[in-house]
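K.L.:
Take a look at the letters that make up each chain.
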Amino acid sequence: MQFDSFSAFLNMGGYGFYVWLSFGVSAALIAGLLFSSLTSHTKVIKQIGARQQRENKLRQVRKNRQNSTTNNPNEETQ
Amino acid sequence: MSVNQATSLTPPLISVTNLTCIREERLLFDQLNIEINAGDIVQVEGPNGSGKTSLLRILSGLSQPFEGEVFFNQQLISQSREEFHQDLLYLGHLPGVKGEMSAAENLSFNLTLQGAPNNAVNIEKTLSAVNLTGFEDSLASHLSAGQHRRISLARLYKSTAKIWILDEPFTAIDKQGVRALELLFKAHIKQGGCVILTTHQDLLTFEPEQVKKITLDYVFD
Amino acid sequence: MSIANLSYRAVFSLVLKRDLTIAMRHKDDIINPLLFFVIVVTLFPLGIGPEAQTLSRIAPGIIWVAALLSTLLSLDRLFKSDHDDGSLEQMLLSPHPVFILVLAKIVAHWLITGLPLILIAPLLAVLLHLNEQSYGALMLTLLLGTPVLSLLGAIGVGLTVGIKKGGVLLSLLVLPLYIPVLIFATSAIDTAALGLPYSGQLAIIAALFIGSLTLAPFAVGAALKVSTN
Amino acid sequence: MWKWLHPYANPEVSYHFTGKILPWLGALATLFLSIGIIWALAFAPADYQQGDSFRIFYVHVPAASLSMGIYFGMAIAAFTSMVWQFKLADASAAAMAPVGAIFTAIALITGAAWGKPMWGTWWIWDARLTSELILLFLYLGVIALHNAFEDKNLAGKAAGILTLVGVINLPIIKYSVEWWNTLHQGSTVSKLGKPSMSIDMLWPFVFCFIGFALLVATIICIRFRSEILTRNSIRPWVRTLVSEHLSKHIAQEKNNAI
Chain A
1 MQFDSFSAFL
11 NMGGYGFYVW
21 LSFGVSAALI
31 AGLLFSSLTS
41 HTKVIKQIGA
51 RQQRENKLRQ
61 VRKNRQNSTT
71 NNPNEETQ
Chain B
1 MSVNQATSLT
11 PPLISVTNLT
21 CIREERLLFD
31 QLNIEINAGD
41 IVQVEGPNGS
51 GKTSLLRILS
61 GLSQPFEGEV
71 FFNQQLISQS
81 REEFHQDLLY
91 LGHLPGVKGE
101 MSAAENLSFN
111 LTLQGAPNNA
121 VNIEKTLSAV
131 NLTGFEDSLA
141 SHLSAGQHRR
151 ISLARLYKST
161 AKIWILDEPF
171 TAIDKQGVRA
181 LELLFKAHIK
191 QGGCVILTTH
201 QDLLTFEPEQ
211 VKKITLDYVF
221 D
Chain C
1 MSIANLSYRA
11 VFSLVLKRDL
21 TIAMRHKDDI
31 INPLLFFVIV
41 VTLFPLGIGP
51 EAQTLSRIAP
61 GIIWVAALLS
71 TLLSLDRLFK
81 SDHDDGSLEQ
91 MLLSPHPVFI
101 LVLAKIVAHW
111 LITGLPLILI
121 APLLAVLLHL
131 NEQSYGALML
141 TLLLGTPVLS
151 LLGAIGVGLT
161 VGIKKGGVLL
171 SLLVLPLYIP
181 VLIFATSAID
191 TAALGLPYSG
201 QLAIIAALFI
211 GSLTLAPFAV
221 GAALKVSTN
Chain D
1 MWKWLHPYAN
11 PEVSYHFTGK
21 ILPWLGALAT
31 LFLSIGIIWA
41 LAFAPADYQQ
51 GDSFRIFYVH
61 VPAASLSMGI
71 YFGMAIAAFT
81 SMVWQFKLAD
91 ASAAAMAPVG
101 AIFTAIALIT
111 GAAWGKPMWG
121 TWWIWDARLT
131 SELILLFLYL
141 GVIALHNAFE
151 DKNLAGKAAG
161 ILTLVGVINL
171 PIIKYSVEWW
181 NTLHQGSTVS
191 KLGKPSMSID
201 MLWPFVFCFI
211 GFALLVATII
221 CIRFRSEILT
231 RNSIRPWVRT
241 LVSEHLSKHI
251 AQEKNNAI
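Sequence order for the protein chains is A, B, C and D.
Per the numbering used here, the first sequence starts with residue 1, numbered consecutively.
Per the numbering used here, the second sequence starts with residue 1, numbered consecutively.
Per the numbering used here, the third sequence starts with residue 1, numbered consecutively.
Per the numbering used here, the fourth sequence starts with residue 1, numbered consecutively.
Please keep in mind that the hints were generated in silico from the structure rather than gathered at the bench.
Idealized CB from N, CA, C, for every residue including glycine.
Honestly, I wouldn't trust all of these hints.
Stated by the list, open to error - Straight-line alpha carbon distances no greater than 25 Å define the calculated PhoX-like cross-link-like pairs of lysine-lysine that follow:
| id | chain 1 | residue 1 | chain 2 | residue 2 |
| --- | --- | --- | --- | --- |
| 1 | D | K152 | A | K43 |
| 2 | A | K46 | D | K248 |
| 3 | C | K164 | D | K152 |
| 4 | A | K57 | D | K254 |
| 5 | B | K213 | A | K63 |
| 6 | B | K175 | B | K212 |
| 7 | B | K190 | B | K158 |
| 8 | D | K152 | C | K80 |
| 9 | A | K43 | D | K174 |
| 10 | D | K248 | A | K57 |
| 11 | D | K20 | C | K225 |
| 12 | D | K20 | A | K46 |
| 13 | C | K80 | C | K165 |
| 14 | A | K43 | D | K87 |
| 15 | C | K80 | B | K158 |
Said to hold, decoys possible - Facing chain B, a subset of chain C residues (Cβ under 7 Å, in silico):
| id | residue |
| --- | --- |
| 16 | S13 |
| 17 | L14 |
| 18 | I22 |
| 19 | K27 |
| 20 | D28 |
| 21 | N32 |
| 22 | D85 |
| 23 | G86 |
| 24 | S87 |
| 25 | S94 |
| 26 | P95 |
| 27 | T228 |
Only chain A is shown next, with the shape it has when bound in the complex (with noise of 0.2 Å):
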């Protein structure tokens, strides 16, 4: 240990605003990149989730339209 107390290891020897604002600085950034990775990967499995979901309901919707206007036609010939 090079610092005989905590004050002391605050202190740095007189330069501890500009080592604890490196330090702090760097952490802090470090961690909102870390941050935004994590959410942005939950976020894209979101958006793929609900762009996946309107999809599901468009082939719904062309499928029962498609149904409406073949079968009557089909019905009649048949």
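Using the hints, position chains B, C and D against chain A.
P.N.:
This is chains B, C and D only, laid out in the frame that chain A set:
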């Protein structure tokens, strides 16, 4: 979705395998296979946003598909770029006409760039074929959108390319002009060329069974 | 095949002539960047003060930074209008190698915007009390340096031409690439003011010119293919 | 080499592979970083000239060299994707850019905080700081270009071209800035640099460096995985994965509600 039932023995002019296209994370078409032979006229149809323009741009090599390959004379178009482009005439939505140049200058530049033979007399004749007599020397910025389109369509009359890819060639063209263009297409496919086009109206002078259709309807808006 | 094959030189001069014709009929493209150059340079004495000594000290930097900015301003015209009216697609679809077409367009751009800058620069140097020994260096660095600006700038335009609001983005992409030219050019002019030989800096700018001349057209070609996709 | 690499060229395989190594990477990064940082802050000796301000070195130097390293990594990825049409390389380059930009920013800020007690001013046009600043501009350019394209495949290609142009320029810029710096240096300024390091300074530095490198790898891995998902959103494997994930999520929310 094969256009041709593989009746001819000659290899197809253009063939496409397993073409998949994604635009803005939307699937436009999936695993498309097409063969286009000399003498074919192909109409690509589908609702707005179904990827007609994207397909034409992929066929011309302007866009890269997400997956799949386009072959010209059984060679990848990326590997035979020069030969392919010599045999290709693509006209997109945009006419490619500079407002600062006259109609004649525009046509002459475009023809020279494509390597088609041209001279002053020829240019005048070609412009008159698209009803632009008297406008040869007027700056294109003074002409209308329809006239711009006709300047770009004028290249068809002098083109030596076998493959014509035309995106909505009939927009802003009157009925007479459409008829003239269709006659031009007929002559072109008779000479062993092929025409691939999108259009909202049906082709008038062609028999319905003469026109091969590619339908794109893989839409999820 | 009945296609009359054009030689590379014929294609080059065809495109060059076309671009020059268009520029001559649309003179704003030549005059506006030039006016911008002049105005930016005249702003500095107004902002800093008219002392001849201060001005002559910073004259090389001012002239070069103004040249960078006015080149940046004019870059937009390089491919934008061709992209918007569809002629760019047609050029990419021509059977000729893309780098020839691109090179012709860049040369045309330099003739339209770079050359007038060089011609008017001595006049502005007088306004800024540039050291008398530095005029030769100023002209030579501009002569070798402005083509580099056009070449590197073309890469940025190629990348941003398909983007709707590409103007600001373009400056972000291009300006960092201009830094070496700026450093060596101003240093050559400074060195000349001291009466020392500046051939070293000139040689480096020449090397940058040769390097960008050989590599940039291919990068621009690739960028345009992405932008028209 | 290619045979060995081939299975990993498949997006699905590399998604699952990175998913497996991710916890290990994260754990190793935490281990090395916590040892390194505590050692650097509390146990490493103070520099005989710079005193305790020297401790900034343990963050500044790893961040600066990693910021350059990530740019070169991006350039290699861009080159691979351009030459071999290797789509995953684009995804990895896209994952690297923001990480590199953040580490460049860290190098700049710690450099300024180190410079203030040393030079008496926050900013000095020192060669290393200046080229770091220009590197930040290059990163921001790549990121901005990436964001300007809506189609991620196109964005990757465009950013790749810019990265390659940048990587050719980077040595030239670095050299020109160094040369410019020596030219304009009036008074002798004590440069930021590595004083002769004693062995009890070296070890914490090694731990910090490896720790930061592992941290970078971890974050790139996380981002890489989301890039793979966005680029392959139409694939069946992504669809099943997403629906499984969402159903699990919904079940969890129900449990929470109860």
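K.L.:
Which numbered hints are broken by the structure, listed smallest first?
P.N.:
9, 11, 15, 16, 19, 20 and 21
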